[in-house]
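Visitor: So the protein lines, in turn, are chains A and B. Quick note on this note's numbering: the first sequence kicks off at 30 and runs consecutively. Quick note on this note's numbering: the second sequence kicks off at 30 and runs consecutively.
Everything labelled a hint here was simulated from the structure, so no lab data went into it. Among the hints, a few may not be true.
You can't tell identical chains apart in this list, so a pair holds if it fits in one copy or across any two.
To be verified - Here are the simulated SDA-like pairs of lysine to any residue, each with C-alpha atoms no more than 25 Å apart in a straight line:
| id | residue 1 | residue 2 |
| --- | --- | --- |
| 1 | LYS324 | TYR370 |
| 2 | LYS428 | LEU187 |
| 3 | LYS88 | HIS321 |
| 4 | LYS49 | ASP259 |
| 5 | LYS120 | ASN46 |
| 6 | LYS88 | GLN342 |
| 7 | LYS49 | GLU285 |
| 8 | LYS387 | GLN222 |
| 9 | LYS196 | GLU379 |
| 10 | LYS88 | ASP315 |
Please read all numbers here as calculations on a predicted model, not as lab measurements.
Number of protein chains: 2
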Amino acid sequence: MQTSTNTSYRFSNRVGNIPKSFIREILKITAQPDVISFAGGLPNPASFPIEAIRQATSKVLSNDGANVLQYAPSEGYMPLRQYIADRYARKGMQVSAHEILITNGSQQGLDLIGKVFINEGDNVILEKPSYLGAIQSFSAYQPSFLTVPLLDDGVDTLELDELLKNKDAKLFYAIPNFQNPTGISYSEIKRKQVTESILQSQTLLVEDDPYGDIKFTDKEYAPIKKYVKDRGILLGSFSKIISPGMRMGWIVAAPEIIEKLLLAKQASDLHSNYFTQRVIYQFLMDNNLDDHIAKIIDLYKTQKEYMINCMKQHFPDEVRFTNPEGGMFIWLTLPSLMSSYVLLDHAAKEKLAFVPGKVFYLDDAVNNTLRINYSNSNFDEIEKGVKILGRIIKTLISKTNISVLEINP
Amino acid sequence: MQTSTNTSYRFSNRVGNIPKSFIREILKITAQPDVISFAGGLPNPASFPIEAIRQATSKVLSNDGANVLQYAPSEGYMPLRQYIADRYARKGMQVSAHEILITNGSQQGLDLIGKVFINEGDNVILEKPSYLGAIQSFSAYQPSFLTVPLLDDGVDTLELDELLKNKDAKLFYAIPNFQNPTGISYSEIKRKQVTESILQSQTLLVEDDPYGDIKFTDKEYAPIKKYVKDRGILLGSFSKIISPGMRMGWIVAAPEIIEKLLLAKQASDLHSNYFTQRVIYQFLMDNNLDDHIAKIIDLYKTQKEYMINCMKQHFPDEVRFTNPEGGMFIWLTLPSLMSSYVLLDHAAKEKLAFVPGKVFYLDDAVNNTLRINYSNSNFDEIEKGVKILGRIIKTLISKTNISVLEINP
Numbered sequence: 030m031q032t033s034t035n036t037s038y039r040f041s042n043r044v045g046n047i048p049k050s051f052i053r054e055i056l057k058i059t060a061q062p063d064v065i066s067f068a069g070g071l072p073n074p075a076s077f078p079i080e081a082i083r084q085a086t087s088k089v090l091s092n093d094g095a096n097v098l099q100y101a102p103s104e105g106y107m108p109l110r111q112y113i114a115d116r117y118a119r120k121g122m123q124v125s126a127h128e129i130l131i132t133n134g135s136q137q138g139l140d141l142i143g144k145v146f147i148n149e150g151d152n153v154i155l156e157k158p159s160y161l162g163a164i165q166s167f168s169a170y171q172p173s174f175l176t177v178p179l180l181d182d183g184v185d186t187l188e189l190d191e192l193l194k195n196k197d198a199k200l201f202y203a204i205p206n207f208q209n210p211t212g213i214s215y216s217e218i219k220r221k222q223v224t225e226s227i228l229q230s231q232t233l234l235v236e237d238d239p240y241g242d243i244k245f246t247d248k249e250y251a252p253i254k255k256y257v258k259d260r261g262i263l264l265g266s267f268s269k270i271i272s273p274g275m276r277m278g279w280i281v282a283a284p285e286i287i288e289k290l291l292l293a294k295q296a297s298d299l300h301s302n303y304f305t306q307r308v309i310y311q312f313l314m315d316n317n318l319d320d321h322i323a324k325i326i327d328l329y330k331t332q333k334e335y336m337i338n339c340m341k342q343h344f345p346d347e348v349r350f351t352n353p354e355g356g357m358f359i360w361l362t363l364p365s366l367m368s369s370y371v372l373l374d375h376a377a378k379e380k381l382a383f384v385p386g387k388v389f390y391l392d393d394a395v396n397n398t399l400r401i402n403y404s405n406s407n408f409d410e411i412e413k414g415v416k417i418l419g420r421i422i423k424t425l426i427s428k429t430n431i432s433v434l435e436i437n438p
Numbered sequence: 030m031q032t033s034t035n036t037s038y039r040f041s042n043r044v045g046n047i048p049k050s051f052i053r054e055i056l057k058i059t060a061q062p063d064v065i066s067f068a069g070g071l072p073n074p075a076s077f078p079i080e081a082i083r084q085a086t087s088k089v090l091s092n093d094g095a096n097v098l099q100y101a102p103s104e105g106y107m108p109l110r111q112y113i114a115d116r117y118a119r120k121g122m123q124v125s126a127h128e129i130l131i132t133n134g135s136q137q138g139l140d141l142i143g144k145v146f147i148n149e150g151d152n153v154i155l156e157k158p159s160y161l162g163a164i165q166s167f168s169a170y171q172p173s174f175l176t177v178p179l180l181d182d183g184v185d186t187l188e189l190d191e192l193l194k195n196k197d198a199k200l201f202y203a204i205p206n207f208q209n210p211t212g213i214s215y216s217e218i219k220r221k222q223v224t225e226s227i228l229q230s231q232t233l234l235v236e237d238d239p240y241g242d243i244k245f246t247d248k249e250y251a252p253i254k255k256y257v258k259d260r261g262i263l264l265g266s267f268s269k270i271i272s273p274g275m276r277m278g279w280i281v282a283a284p285e286i287i288e289k290l291l292l293a294k295q296a297s298d299l300h301s302n303y304f305t306q307r308v309i310y311q312f313l314m315d316n317n318l319d320d321h322i323a324k325i326i327d328l329y330k331t332q333k334e335y336m337i338n339c340m341k342q343h344f345p346d347e348v349r350f351t352n353p354e355g356g357m358f359i360w361l362t363l364p365s366l367m368s369s370y371v372l373l374d375h376a377a378k379e380k381l382a383f384v385p386g387k388v389f390y391l392d393d394a395v396n397n398t399l400r401i402n403y404s405n406s407n408f409d410e411i412e413k414g415v416k417i418l419g420r421i422i423k424t425l426i427s428k429t430n431i432s433v434l435e436i437n438p
């Protein structure tokens, strides 16, 4: 029998468009236990409700194992969809369980939205910088990306409005709460301005909200979906409030959109893991989710404040950083001529990792930013890591004679 | 604030290409408890290892909960990939764990393969009839489908060879073991002939094998992947041998293909449910999979034989049916002028369901076939359902005066 020697494969054009995840590459490096990692976006495992999940699993398998392990509807487990709808209602946004589709984390939500909306060459607007995972998901459907800068209180709404008026984009993708990577949140005014612009356009808002519940402030922001209604699609996730390894999230959208997403969901993997849906629902029935979230908030808020204090103490004045009101990330801006890749090279030698900001941009414009995660490091690691970073930055400044005048405006 | 009245959405072209799953529509109907359903492709819940899964879950959460609930590598849990590779090795096919990617059932495998290989308009060859889920997955990437008839011992290899020579297809999708929907298996000769044809072409074989372990015979067939080597991609699944609700399967492919599939996997949902991967692996460590599969085989084999005997007893001679050596389905061919949709209308009134064969075809050529599932009905249901079918078919024959001469050749 002939043996094949042909190993050149004819891949689709789209696969060349999907950027590699630099973050997941870094995560491989940081898998070593003695590395201090500010790189990932990992929840703190101290926040995982391990014993409660064990009990919930035992219960659903004992009570209804034959169904729990069987094929299930593509839409997701109806009581879980109803729970999610009820939770939005308690927060002031009325949605029906039929407007909710269960997905494998928000990431699959992004993929399904790309599949259902994006034709090759369609314009898609992103915040600048934006979540790399969304860029990956959408890229597979070969859109043309347009970007709008993030300001301290949310997207630059004047630029957004210009783009919406002139570029006929299919989608505007935004993370209005404690954005990844910057930690920035949209003010109420910005939410209203975005709403006005969206409603006057043909563009749909895709609002990603994985961090909204991890909130260190009493301020209450409604999802923009509440204002734009059927012109918005909202993504939610259990990853940051229960467990990311369980890959469970959801999409909220108008029934006409859900119908198409459901078709794409069936074609993609029939339905989300039903065993896990039932375990999560049982956990939610037997435990108070808000009490659980309060513990996560306590933990992350303390870590964030400790890190901010360390940064104030150990960083030179030339470094600017955000002070997020929730979520998991701080965004650093170095002096304009300093490269965060050079900083990473030095940091890696001292077993410290973070993500250079450039990976969150579609162009090569910005080299002097970085994303720092605080949710998955303890006080010792935070202090030690920030000290190392501060020392390297000071050395780099002195070496290159970068003066205060050269800081980014 | 302006209220949106615009509810016309601009969906992608591809979403219009994905056919609705008629099967999943039927499953909604058959969700009623008093319906006899030969329609689904559901494993028998009596075969689910509920207590063993409960114990495995308890163990992994108690021993390693902090990792089990955390984000994980996109490739899948390495020991699970190694287990799958070792199992193939025991069956005579050497593959490395690095050639295995964990997916959300085989269905996601099909989607990822479509994403990574199919450009709009590319030729993809299917068996005729073929698995509807594969047609759905591939359709999202807008190929041109070509089909090759299935004969009693596998695909028509002369027609296949012609197509491979003249149509430069990207993929040939086949289910060589106990095919869905027909129950047909490829003979060893056909496997070798397919191998020769594939190796002389630029086309990749996509070999779907969800049923291969559910085997009622001592005959041993190697996956065609073993012969075509790097020119083949093999899909496997735990759905039929452990639990479909856990949505866990895998792809076996050359490292160069796995690299691209991995990129698509990251973009699609980061990684498969890690909690479930760990539970399944623990189950596999603490239980003998082959012993478990032997119990499933006993169950399904008995049910299949009972159903075949009922069919022999209650069906008129004009009805032909396959007698599969494994898997979950029997394929019925009615007299050529009889419509299986008309049969379904009558059957549904007597609370009996099955799937008309037409949904497994891409053209409208065949109206007189149907798929019957035997894995998920007990003896009483099988006997009652086959009696009903036999009675309706006889009535339809007498009404339409269809003679034996009009049976399909």
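Visitor: It remains to establish, for every hint, whether it holds in the given structure.
Guide: A quick look at each hint next to the structure:
Taking the shortest alpha-carbon separations for LYS324 and TYR370, neither the intra-copy value of 35 Å nor the inter-copy value of 57 Å comes in at or below 25 Å. Proximity of LYS428 and LEU187 under a CA criterion of 25 Å is satisfied in neither setting, with 40 Å inside one chain copy and 73 Å between copies. With identical chains, the CA atoms of LYS88 and HIS321 are at most 25 Å apart both within one copy (20 Å) and between copies (23 Å). In this assembly of identical chains, the alpha carbons of LYS49 and ASP259 lie at most 25 Å apart only when taken from different copies (24 Å versus 33 Å within one copy).
For the identical chains of this complex, LYS120 and ASN46 are neighbours neither inside a copy (39 Å) nor across copies (38 Å), given an alpha-carbon limit of 25 Å. Neither within a single protomer nor between protomers do LYS88 and GLN342 lie at most 25 Å apart by alpha-carbon distance, with minima of 50 Å and 45 Å respectively. Proximity of LYS49 and GLU285 under a CA criterion of 25 Å is satisfied inter-copy only: 15 Å between copies versus 33 Å inside one chain copy. In this assembly of identical chains, the alpha carbons of LYS387 and GLN222 never lie at most 25 Å apart, being 28 Å within a copy and 52 Å across copies at closest.
Taking the shortest Cα distances, LYS196 and GLU379 never come within 25 Å of each other, neither inside one copy (46 Å) nor across copies (57 Å). In the homo-oligomer, the alpha carbons of LYS88 and ASP315 lie at most 25 Å apart both inside one protomer (10 Å) and across protomers (21 Å), since each shortest distance falls under that limit.
Hint compliance for this structure: hints 1, 2, 5, 6, 8 and 9 are not met, and every other hint is.
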